[in-house]
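*Asks:* If you want the building blocks of each chain, they are given just below.
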Amino acid sequence: MTTTVLAASKPIDVGDSTGVSRVVLAAAVSSVAGGVMWFAGLQRVRVENLHAGGLLPELGWMAVTGFVLVLLGLFATLADQRASGRWSALQIAVLLVVITAAAASFDAVLGYRVSYRHSGVIDKVVRDGHIDEPIDAYFSWPGFFTFIGSLLGISGVDNARQIARFAPVLFNGLYLLPLSVLYRGAATKRREVTAGLIVFLLGNWVYQDYFAPQAAAYFVYLSVLVVLYHCFRSERADGIPLLERIITVGRRRAQRLGLRRPQRPDVRSAAVRSPSDRTDTLTTAQRMLMFVLALASTLALAASHQLTPLIVAVVGIALLAVGRCTSPRLVGGMVLIAAAWDVFVGAPYLSGNLSDLLQQIGNLSLLANENVTSRVAGDPAHMTVVRLRMLLSVTIGVLATIGWWTRMRRRSNDRWLAAVTIAPLMLFPVVSYGGEILVRIYYFSLPGLAFFAGVVLVALLERRSNNAIVFRAGALVLIGALGFGLLSGRFGNQAYDSFTGDEFEAVVATYDDAPSRALFLSFAGNLPWKFERYDGHPYRILSRDQAFKDGDETADVAARRILRTALDDGAYLLVGRADVAYAEQSGVLAPGTSDAVVASVLERFNTTTVFSSPNATVYRIDSAKEGS
Amino acid sequence: MTAFTSTITSRDPYLLLPGLAVLALAASGAPPELRFVAALGFVLVTPGRAVLRLARLRFEPAVDWTVTALFGWAITTLLSLAGAYAHAWFPWLVFGIEYLLALLAWLFTGSRKKETA
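For the protein sequence lines, the chains are A and B, in the order given.
Numbering-wise (the numbering used here), the first sequence opens with residue 1 and increments by one.
Numbering-wise (the numbering used here), the second sequence opens with residue 1 and increments by one.
Simulated from the structure, these hints should not be mistaken for laboratory data.
Treat the hints with care, as some may be off.
So, partial list: chain A residues that the calculated Cβ filter (under 10 Å) puts toward chain B [said to hold, decoys possible]:
1. PHE144
2. LEU170
3. ALA300
We put the beta carbon where it would ideally sit given N, CA and C, even for glycine.
Just chain B, same shape as in the assembly (with noise of 0.2 Å):
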């Protein structure tokens, strides 16, 4: 295993692969509602787990997903309230900042390994 496929392996999966998978979709023409369930898992999944990690926040398992969801849909409302109330919304925008989050996140806290040690 190369150095760089160590560094993609170890590091926590949930930031970087559902934004991927939207990407992926939306490259291959999958059908809509496949894109659709892609879309939720990534609003509820990323957004909500790179502020947690930013801040060195986990909790158990069970209690980590569910505030990651919730923070998830809470970043994914007020970004597109924000946008839709200063006639700037685009959904697209809303998943290009939340992945961005998400790429911060995933640089720079580290393998998982090392956060759990």
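With the rest of the complex left out, here is chain A (with noise of 0.2 Å):
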């Protein structure tokens, strides 16, 4: 009885990992020391003196200089080339639990709403034990909420707001193992697979790791490229005959016009094509059942997120397309399952939203206008933020152009990781995604940017010349550049991302206090609340009504309408810090509305106050008042 061990990856150099020099040893003793401080300096942050300029402005210095040390703890790792694995996964696992355990550490509850939403969905189909009838879209697409809620019942968790909060912490841990496994693939040396991973880090402003199907989808999307990376990998440079012919020519020209030296032998391809490497030493059953494992997992995808499978097919068809790719079924199949998924289980919600969706396809403007121009809006110090998280987005996309660059004059494969990253950009012509699809792109492009990107890094800290200092020095400024612009943009809007434990309380007491049906009216949906009776209640949006987008009412019209059509079976104004913050900040009300609308009601309707605190207060709404 045998089992085939497959070695997939090529030697790297790994560098001198005899003995700990001792800068190698400094740097750890700063990450750690660093990593303390940053958390003991946190623990003077409070949620309710965050601004729309997020945590950056509000941090101290200890957390400042923490965030420091760990920094430059990172930059002497990658510095010193004698830095074995363990001192860089050190490194890395530091600032891992520095970045994503950060709002953790300060938030006196579980942070951003939408975590309360899917701990609301989790319990609604652990409670009812089937998904039947779909409420909204999650119930078209449940497979995280039930495998979440099949690890509930396991462990006798009774909801999932218990294990939300280091969510983060958690799937980044995940997102460093198939990453390390795609950087090995790729990368000529170790470093360059360690400044990837911080790259990756620094680069990761997007805080779409929270307790989500998004970020358990986003490690199945990394696994996936695993998969496909080391089972289903051509390295032949035959793809598709009419791309091929024209990239042929094109060479063939460049080299006439003396843009481009002849062809020298590809020694990346020759470490590539190392036995050790070779995808064909599965046999054709075991091809077989990692074909059919492959498709299994995207089915599971499928019904697990929306737009993760979609990415997955056009990474897919993009291998195909410059030849990477060895399996055409595979790709067809993952095609196949990820549009019936959403052709015959998320019907109900096409059907309500196709035509929103097909007037999306191909106009540039309203994408545009969705993704770009409607998030630069809002308060100044929130815009400053929305600025340089663009900033750091294309900080990185010019250093991994430039990565790139480098590595194709040394006449670097790359094929394979250059169209992993750039073929994410194929969606935006053709779904908004809420106007995220651009966010959403840079996620997905993020593994191959971020590798790309640390290449300039390491080329920059092995650079032999008698400006080695500079160049050295330009490593660090870089370094320092992505963590604060992570700082900036990755907790941007802590101020309505964290809750205090009175908005939390004034929930639960809305809930005690509410019959069932009965209404909950907030300014702008920023609130922890939907974690259980998810579709036990109407949940109205006041930012959200028509008739306010639309300018026919104000917001306090407006308000005492929505309230006065639901007095038969109760209604409630919740008004919480938060989602007053978020409504302002966002530029989806005007400052000081919120105050308006609640002495409007209170001026216009008989009302208790069940819930009262400098952070929260709740109003049930009892009777219109006479002649109002």
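Since each chain comes alone in its own frame, lean on the hints to assemble the complex.
*Replies:* Listed below in structure tokens is the structure:
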């Protein structure tokens, strides 16, 4: 009885791992001490003091010094060629915890409203024990919720909120596994792997790693890439004949014009084709099994998230187009599965939104408006955060382009990773994804972007010339810029992503008081609600009311109308600090509107205060006053 | 070391131990959060590994763990979904099916020494 052992990665330059240099030791101490200072400093952050600029302006000297020490540790480890994999892993682990556990360390309760909503969907699915009528889109893509529901059932955890707080730490830890595999496949030096992982963590301002289907689907996406790379990768140059012909003709023209040097032997390809790295070591039966399992993973993915299967499909198509995938059937199967789930199971959602979705295809002005113009709006400090996010993304994009170009000049065989990086862009002219598609494209391109950007960092650190110190300083500045760009971008919405204990207690008090089907009204929906009785109440959001959005009614008139329609079943107006901050900072409500609405409601209705604190107040609307 | 102990230790512990840990923690009344971590570890390690070993597939460690976690996630998601759509969703049934798969892999894939020989 034997098992095929498939060593899939080529040997790469691991540097001198004998002994530990003082620099590496100092870097480790710096990182660990920095991490401790960072978390100690974060304990002084008060959520209610956060403003539109996010977490960065509120950080004290201890937290900032701690973060700088962590970055210095990263730089020193990267700069020292003798740093072994374990020391690099320690640095990356510290960075991961520093970034992903930060919010949980100063939040009194679970942050981010959507985490509560997802917890509520799981609660609903677990209580019902089955999925029948889809209440909303979540119930057409319920894979993540049933997966977590099974784990809750086995472990006896009452609700998902108990375990959701540290989801970013867990998910990012999981991401690093497939990422390191992919980077090892592409890198020629171990430092490029380390640098890529560092840039990935520093570039991930998107904050899609909270307790959500997207976070789990991203791990699956990266793992499917690993399967495509290790089991279905082609190193042949015969992709789509037309594309290859265009490339060949272009190369010949460029050579004739002197723009391109004649072909030299592809040293990287030779390394890739070493016996240990050949994907054809799988037997036919094993390849068939991997084929089936890859399709099963795609099915589970298609059942869990709307967007990620589409990304997998376009990445598969791109790999076929550039001749880097051996199995058109697998890609075809992935496309079919993604489409079939959307058409058959997602039909209720699609039928209600089909005209909107069709309208988006090819409508570049609409897509640009939803993804860019409408996002650069609101409070000036919030706009600064948005611009810094753009700058961080563009910086990583530019670095990645330089890194890709550098490797191309070295005749590295990067077509696989380049295709995976660029492919998500194909979705931009097709779908808006609620104005988030550009952000998601960046997120799905980040693995490749981070690797190529990391190549630049390593190149700067390895530069041997009289100006070597200048290049090293450049690398240090880049790491610093990325680090503080991340603090600004990732935690830029912290004023309304975090909740105080009061705000959570206010919602709990409302659930305790409210009869079934009572209406809950908020300004912008940014409350820690829906974690129970997911379909037990109508949850209305004033800023999304059509008459208000169209300008037909002012906010107070719209609020009174909505509340009046629900008086028989009961109605509640929830006023939360984070909700008001979100409404005002993102520009959906003018500053002061919330106070005017509350005053107007109190003037026209008989109300009872269900909960009151400096950060949250809940009014039960008992009846309309006479003559109002 | 007895033949029995030798048999136990020579075979892949990741097929048996995570599931045993889940059962032991459930029986001991450990905190739910700890039991959740154990359950997550089980689904990410055991079912995927069982499938790979039954198919005589073993990749280099990092790839192996990645593929194991991917397939474990997929198998658990699909079993849970099937149960939910069929009105027969019982989390312990999902666990039982996966652990049975792991036991089969543990019994029929031989010792690790033989596998890597």
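*Asks:* Determine for every hint whether it applies to the structure shown.
*Replies:* Going down the list of hints, with the structure as the test:
Because the closest C-beta pair between PHE144 (chain A) and chain B is about 8 Å apart, less than 10 Å, the hint holds. At a threshold of 10 Å, the smallest CB-CB gap from LEU170 (chain A) to chain B is about 8 Å, leaving the interface hint in force. A cut of 10 Å between beta carbons decides the hint on ALA300 (chain A): the least distance to chain B is about 4 Å, and the hint holds.
Of the hints listed earlier, there is not a single one the structure fails to meet.
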